[in-house]
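Q: Sequence:
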Amino acid sequence: MELVHKISEMQALASAWRAAGLSVGLVPTMGSLHEGHMSLVRKSAEENDRTVVSVFVNPIQFGANEDFDRYPRDLSRDLSLCGRAGADAVFNPSAAEMYPEGFCSRVEMSVLTENLCGKTRPAHFRGVCTVVLKLFLAALPDRAYFGQKDAQQLAVVRRMARDFNMRIEVVGAPIVREADGLAMSSRNAYLTAAERAAAPCLFRALSGGAELCRRGVVEARGIERRVREILSETPLARVDYVEVVDAETMRPLETVAGPALCAAAVYIGETRLIDNIALEARAGH
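What the sequence shown shows, in this note's numbering, is residues 1 to 285, in sequence order.
Simulated from the structure, these hints should not be mistaken for laboratory data.
All residues carry an ideal CB built from backbone N, CA and C; glycine is no exception.
Treat the hints loosely; a few may be bogus.
Pairs of lysine-lysine residues, derived as DSSO-like cross-links and limited to a Cα-Cα distance of at most 27 Å, are as follows [to be verified]: (1) Lys43 with Lys149; (2) Lys119 with Lys149; (3) Lys6 with Lys43.
Quick list of simulated restraints, FRET-style, between CB atoms [said to hold, decoys possible]: (4) Pro259 with Glu101: 17 to 25 Å; (5) Arg70 with Gly181: 41 to 49 Å; (6) Glu108 with Ala194: 37 to 45 Å; (7) Arg214 with Gln11: 45 to 53 Å; (8) Pro259 with Ser76: 18 to 26 Å; (9) Thr255 with Ser76: 44 to 52 Å; (10) Ser232 with Pro59: 41 to 49 Å; (11) Arg106 with Thr255: 30 to 38 Å.
Using the sequences and the hints given, assemble the complete structure.
A: This is the structure we're talking about:
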């Protein structure tokens, strides 16, 4: 497995693979890898001849007073995990390599970024789109793999790929959860023991909303109210948002009549966790 730090070297390696007729998969990450990431790496290795994992904590997707400086970093462990999961290269550029002096371009997106995390983190998706575009141009993938936990990010990247006519298949993969339902996330490492014990309330609340929908309640406000009620039972949980949205456009819905998600962001102590669940209305509604 190769460790690559320079964009030009990553492009040369990917170009050589493609010239040899090999397909390339990319798994973009910010490191501090866990089983959710590894499921993406294994999927890429199964579906492509070569797999690249990017490990880059992207400064421009963090807002003021967010956790960029303390975001967990452990490159040695990440490299070991990537090697065991079947990666062929890890792309680990520096911030100066990605954003050299004079860098002044950004990728802007409307509509999909105006709700959910885009509402409370207004510069976040500008940074996500910009870095993903740069990673695509560095690794030259045929397919790129993202987890469904970050459902809005997945929708945004798919839209960007379509809008810019990229010949890249953006592949979404199921959320990987701990035994108690908590979605795996690098930020889970921030949780104290008491906070970790409380954190499964997020998935429990979303599951309660989904069950209500399956029983025939298709009004978004009713589903959201049920999720908030369950979250209110956990004193350590502070709601950022709970919304029922269209699964493709991320637009808020009034009723569930097609593919939809209930998405939520909740602070457990000082740690912001996100999760979502698909909603399925009972036949006839």
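Q: Output the numbers, in ascending order, of every earlier hint that fails for this structure.
A: Violated hints: 4, 5, 8 and 10; rest satisfied.
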